[in-house]
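**Student:** Here are the chains, one letter per residue:
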Amino acid sequence: MTFTLERLAELTNSEFKGDGKCSLDGVASLGEASEGEISFVSNPKYKKLLASSKASVIILSSALAEDYIGNVLVNDDPYLTFAKIVSIFYEKTELTSSIHTRSTIDKSATLNKRVNIAANVVIDSDVIIEEGVTIGAGCFIGEGSILKKNVQLHPNVTLYKDTQIGANSIIHSGSVIGSDGFGYAPQKDKSWYKILQIGNVIIGSDVEIGASTTIDRAALGSTIIGNGVKLDNQIQIAHNVKIGEYSIIAGATNIAGSTEIGKACQIGGAVAISGHLQIADHVIITGRSMVMKSIKEAGVYSSGVATEENKKWRRNAARFRQLDEMAKTIKRLERKLEEREKGGLS
Amino acid sequence: MTFTLERLAELTNSEFKGDGKCSLDGVASLGEASEGEISFVSNPKYKKLLASSKASVIILSSALAEDYIGNVLVNDDPYLTFAKIVSIFYEKTELTSSIHTRSTIDKSATLNKRVNIAANVVIDSDVIIEEGVTIGAGCFIGEGSILKKNVQLHPNVTLYKDTQIGANSIIHSGSVIGSDGFGYAPQKDKSWYKILQIGNVIIGSDVEIGASTTIDRAALGSTIIGNGVKLDNQIQIAHNVKIGEYSIIAGATNIAGSTEIGKACQIGGAVAISGHLQIADHVIITGRSMVMKSIKEAGVYSSGVATEENKKWRRNAARFRQLDEMAKTIKRLERKLEEREKGGLS
Amino acid sequence: MTFTLERLAELTNSEFKGDGKCSLDGVASLGEASEGEISFVSNPKYKKLLASSKASVIILSSALAEDYIGNVLVNDDPYLTFAKIVSIFYEKTELTSSIHTRSTIDKSATLNKRVNIAANVVIDSDVIIEEGVTIGAGCFIGEGSILKKNVQLHPNVTLYKDTQIGANSIIHSGSVIGSDGFGYAPQKDKSWYKILQIGNVIIGSDVEIGASTTIDRAALGSTIIGNGVKLDNQIQIAHNVKIGEYSIIAGATNIAGSTEIGKACQIGGAVAISGHLQIADHVIITGRSMVMKSIKEAGVYSSGVATEENKKWRRNAARFRQLDEMAKTIKRLERKLEEREKGGLS
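Chains as they are written, first to last, in my numbering: chain H, 1466 to 1811; chain P, 1466 to 1811; chain L, 1466 to 1811.
Here chain H stands alone, though its shape is the one from the complex:
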């Protein structure tokens, strides 16, 4: 499919500079674009790369557009505009409907007529599948689960019973939603008595969940993922966690039981958050942080120390274990000096 610059400006509510009839057939990064492709610059530091790009059109803010001679799609949010243009070029919109003969669907399940169910899908009793849902090969949908309009499950996703997924949500392969929370009561003989996890998982609409992410069902009640939340790959979400709408969490982060994350939070990758905490709205937590206390105010929070050359690290890390001692010595020295000064001894 091809679009003219003029047409793309119209579709994205943008202005343009240069040849509006210029024909475009795809998108590419600034460095890899060739003729007929559209690219973008969002960060002014890449401005210097503009001259050498072979892209036929570049999406720029009006400020950056001023200095550039070539064809420009002008929009003050070039990144979002680029995202929309990628959708214009590549999003599939045809609604097909098919139920593979090798799927296994319980008689008590209710399926809309316009759904796509691939081979080896297993749908258990009393499941409800709404219009436009796509379920990839090998997915398992547990008893009583509800998949609202246009939900898309990539292949090999597992939903335990009673999972609810809101409209337009996407779940990537290998993810497991609704597995038992990790709850045991200790017994005198050191063995652990399993606490049956009788809650479920409720996922809002417009949520995306990456590959091999796990979300445990609640012990009692529900683990809740709010509308518009985006979760990356290999995230672990324990039972009874609640994540507020529009929060976004990068890969390999794990959140322990009953913690509540506010709205519109941004949490980096490989973060570990302890259980039973409250994280306020609009909190940003940088990658690899370790969160052990509730965070009550919006802001940026961090922990961790980055790599250094191994020999230096060995010395510094050894000193970490003397930190308390060092601090006390400093106080002692300070006091000594002060005493002398006071005493006019020096």
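Think of the hints as simulated: they come from the structure by calculation, not from any bench. Fair warning: this is a prediction, and the values are worked out from it, not measured in the lab. Check the hints yourself; a few may be wrong.
The list cannot tell twin chains apart, which means a pair is met if one copy fits it or any two copies do.
When the alpha-carbon atoms are kept at most 30 Å apart in a straight line, the in silico DSSO-like pairs for lysine-lysine are as follows [as the list claims (entries may be wrong)]:
no., residue 1, residue 2
1, 1512, 1793
2, 1801, 1653
3, 1572, 1655
4, 1626, 1707
5, 1519, 1614
6, 1626, 1761
7, 1707, 1776
8, 1557, 1707
9, 1776, 1758
10, 1776, 1796
11, 1513, 1614
12, 1776, 1793
13, 1578, 1557
14, 1614, 1578
15, 1519, 1557
16, 1512, 1482
17, 1512, 1807
18, 1653, 1807
19, 1707, 1659
20, 1777, 1796
21, 1655, 1613
22, 1655, 1793
Please build the complex by placing chains P and L on the supplied structure of chain H, with the hints as guidance.
**Tutor:** Quick look at chains P and L alone, frame taken from chain H:
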């Protein structure tokens, strides 16, 4: 199903206070319980919530029960008693038997008559499946594996060949047991020569393994998970690791090759434990710790520094790299002051 | 299968000492070997265990072989030689061919005659499968993917569309290759606009990928895993990452978007690497490190502080947050002392 307070007291070897005929039909948390439900308070700090709870019965220790006027199930381990009552209400005990026509079972496999095998299960040659085993949709059971009585595999679990799983153990979806250990010998041309991993994984009885946990087969011999061990989601256990009975490990922890964890250890989430270490019995390791040396005595061990406001963190983290230098300066200052004192100079 | 010592020496280009006719039927570790088995010592510190081993033959360097009386396979790389002998004993080399009747293969896919496709495999349109490929039960191969000669997919692997896998590469169960990269443009209402990920994943030859590892497709272009790379379990590789040939990465490490890892790097387990970094060739990063800046020179890099007894840790970790203050105090004290000295006051 409903139970009277009297009957629940009997079934859990507890006392009761109040109306023994009070009829109960489920459990709920203190805040969410409504009439007909039973809840519990284990931690005295939640005592103040008792007054406002709508639960018909509350499980309390005898100490807490004294001050409470409503119906009480009295037991000095309220948490364990609650766990048992959840089982009484919700545990399914019927033993069904069925082998789905869409399962693929090698002729050489030996299956007890009372087993449940779901659709799309593949059972390879010489597998042995004992009485009461349930295998969820899409599981793969490799050649020569043995599943003892009442083992339960949730959907989409993968067992490589020669895996052994003890009685009553549960494995959640997405977990992979018996994948090759990570072993290569370096070659002169920088390439890596794969060391075939010819061992296996042996899992004890009453073990529970969470979703998307991976346990590698041994290079030689066996990777061993002891009886009664509980593993959460997304744990990575490398080849030749041994975990002692009743140890419990929270989500996203990883244990490198050949490390041995003692009995009844409690290991938090997102912990990283190096290879070839020995961890003693009854060791507690808090979440996100980094364990680089063997731990020879029972006790609580920790590492890591928690989040702080980003600007402060930047300053402190930068200083970490000067720690060794700081320590040396402190020593120098100390010496100077001491010398002066000795010399009576001040 | 049995081999004589003489024959194994011949096959591995080694010398031998002792009874060349000694017959061997398997390998074992030094401590567990019994008669008829061959073992090895690579690290001189295990030399003392030689005397008590019941192995019939031991692989030793010429230096270690001097002091040992028993049968020896002499090679100056005992570890690599051991690896090769494991292959000699245990590697299956028969090439079978079969396509299970319960696999679902699109008509437009091109399959070589000599391939193994297990039950419940789904192969989408336009896939190309070359000679000697083995695909385990429940794998999904997305549209347009290419599996070159002798690729082996263990059960329950998911390949999204357009994935390319080089000859002789192995992927373990639960891994997901080609899932969408994590890319969204923020919108004014706090919602996130999904950036379609239109790139793919290209995996070189002789690569091994562990269980439950995830590799995202590129936003634009390709995520690239070089020839001979070895990835352990539960690794997360974000979109547009590039990993140079022969690099090796241990379990649970995660690499954020667009980072490029050089050739022959060795990265420990549970490492977190930020996005958009460049890591030079031959860099070694120890386990649990946090990499926040590009590394421009070969060498060993580390971060993190290991566990200590919980009470001590509490004190030291609390001091970490005073580090900047401590450093300033030290400087102040230093200045004071210097001033006095200069002033001849003391």
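**Student:** Now tell me if each hint is right for this structure.
**Tutor:** Verification of the hints:
no., hint, in the structure
1, 1512 to 1793, "neither (52 Å within a copy, 40 Å between copies)"
2, 1801 to 1653, "neither (54 Å within a copy, 58 Å between copies)"
3, 1572 to 1655, "neither (45 Å within a copy, 41 Å between copies)"
4, 1626 to 1707, "within (19 Å within a copy, 33 Å between copies)"
5, 1519 to 1614, "neither (41 Å within a copy, 37 Å between copies)"
6, 1626 to 1761, "neither (35 Å within a copy, 43 Å between copies)"
7, 1707 to 1776, "between (43 Å within a copy, 28 Å between copies)"
8, 1557 to 1707, "between (32 Å within a copy, 28 Å between copies)"
9, 1776 to 1758, "between (33 Å within a copy, 18 Å between copies)"
10, 1776 to 1796, "both (29 Å within a copy, 21 Å between copies)"
11, 1513 to 1614, "neither (45 Å within a copy, 44 Å between copies)"
12, 1776 to 1793, "both (26 Å within a copy, 16 Å between copies)"
13, 1578 to 1557, "within (19 Å within a copy, 34 Å between copies)"
14, 1614 to 1578, "within (12 Å within a copy, 41 Å between copies)"
15, 1519 to 1557, "within (27 Å within a copy, 51 Å between copies)"
16, 1512 to 1482, "within (17 Å within a copy, 69 Å between copies)"
17, 1512 to 1807, "neither (61 Å within a copy, 54 Å between copies)"
18, 1653 to 1807, "neither (61 Å within a copy, 60 Å between copies)"
19, 1707 to 1659, "both (23 Å within a copy, 22 Å between copies)"
20, 1777 to 1796, "both (26 Å within a copy, 19 Å between copies)"
21, 1655 to 1613, "between (44 Å within a copy, 23 Å between copies)"
22, 1655 to 1793, "neither (41 Å within a copy, 47 Å between copies)"
When held up to the earlier numbered hints, the structure conflicts with 1, 2, 3, 5, 6, 11, 17, 18 and 22 and fits the remainder.
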